[in-house]
Amino acid sequence: KNEVEQSPQNLTAQEGEFITINCSYSVGISALHWLQQHPGGGIVSLFMLSSGKKKHGRLIATINIQEKHSSLHITASHPRDSAVYICAVSSTGNQFYFGTGTSLTVIP
Amino acid sequence: EAQVTQNPRYLITVTGKKLTVTCSQNMNHEYMSWYRQDPGLGLRQIYYSMNVEVTDKGDVPEGYKVSRKEKRNFPLILESPSPNQTSLYFCASSLYGGTQYFGPGTRLTVL
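Residue numbers (our numbering), protein chains in the order written: chain W, 1 to 108; chain Y, 1001 to 1111.
Do not rely on the hints blindly, as some may be mistaken.
Each pair of labels, with its calculated beta carbon distance range [unchecked claim]: (1) Y/Ser1082 x W/Arg58: 38 to 46 angstroms; (2) Y/Met1050 x W/Ile65: 19 to 27 angstroms; (3) Y/Gly1040 x W/Ile65: 27 to 35 angstroms; (4) Y/Lys1018 x W/Pro79: 42 to 50 angstroms; (5) Y/Met1050 x W/Phe18: 36 to 44 angstroms; (6) Y/Leu1019 x W/Arg58: 39 to 47 angstroms; (7) Y/Leu1019 x W/Val27: 31 to 39 angstroms; (8) W/His56 x Y/Pro1104: 18 to 26 angstroms; (9) W/His78 x Y/Gly1016: 45 to 53 angstroms; (10) Y/Ser1082 x W/Gly16: 42 to 50 angstroms; (11) W/Arg80 x Y/Asp1038: 24 to 32 angstroms; (12) W/Thr12 x Y/Leu1011: 29 to 37 angstroms; (13) Y/Ser1067 x W/Ile60: 37 to 45 angstroms.
According to the in silico footprint, chain Y covers these stretches of chain W (three or more CB under 8 angstroms from chain Y) [said to hold, decoys possible]: (14) 36 to 44; (15) 87 to 95.
In silico contact screen, one side only, chain W against chain Y (beta carbon under 8 angstroms); selected entries [unchecked claim]: (16) Ser30; (17) Phe98; (18) Gly101.
Keep in mind the hints are simulated off the structure, nothing from the lab.
Keep in mind it's a predicted model, so treat the numbers as computed, not measured.
We treat Cβ as the ideally placed atom computed from N, Cα and C, and that holds for glycine.
The whole structure should be built from the sequences, with the hints applied where relevant.
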């Protein structure tokens, strides 16, 4: 059972490209989270959202509750954006479920 | 500095030798949780706690125990570790319903 599905699994982009990572989920949620994990392992929360759209610098996250779908966009990608991006949901039952991650490599 | 700390960061042990991984947060968060991360499987929740003396099973609780006697601490106990518990473990905390803050991770190898 995969409560959270992400695509693509791997993504290589040229510096400056616009990037989209998709996430779909099958459980009732209280919020959806986008996380970033750099080589070396540390995990940082980028966004938490329950409706609409949020923007932080070059990163934009959107969610469509009716379609149970979220996207993470990176505008003007840069090599320092290279990382694994993980979609997670906090369910209405207070549990967390995670996608398997999207490994992004941005080439200069 | 607001942070979640875990100890040890690296541990190699043998099958059956009880161990505890500590987790502590200094942000007065109610919610704390343990996750394991395995290649191809991603992060999976082991146990979580909504507050002191309240703990609940996540997706993969078998072989693990937790306790929440104080708000800041949430240790993970492996009473009889087995090789299939070799993994990267993360502790995290948040205000109820809020953004999760992750610890640096503990890489455990069980021989």
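If any of the earlier hints don't hold here, list their numbers in rising order. The structure conflicts with no hint, since it agrees with every one listed earlier.
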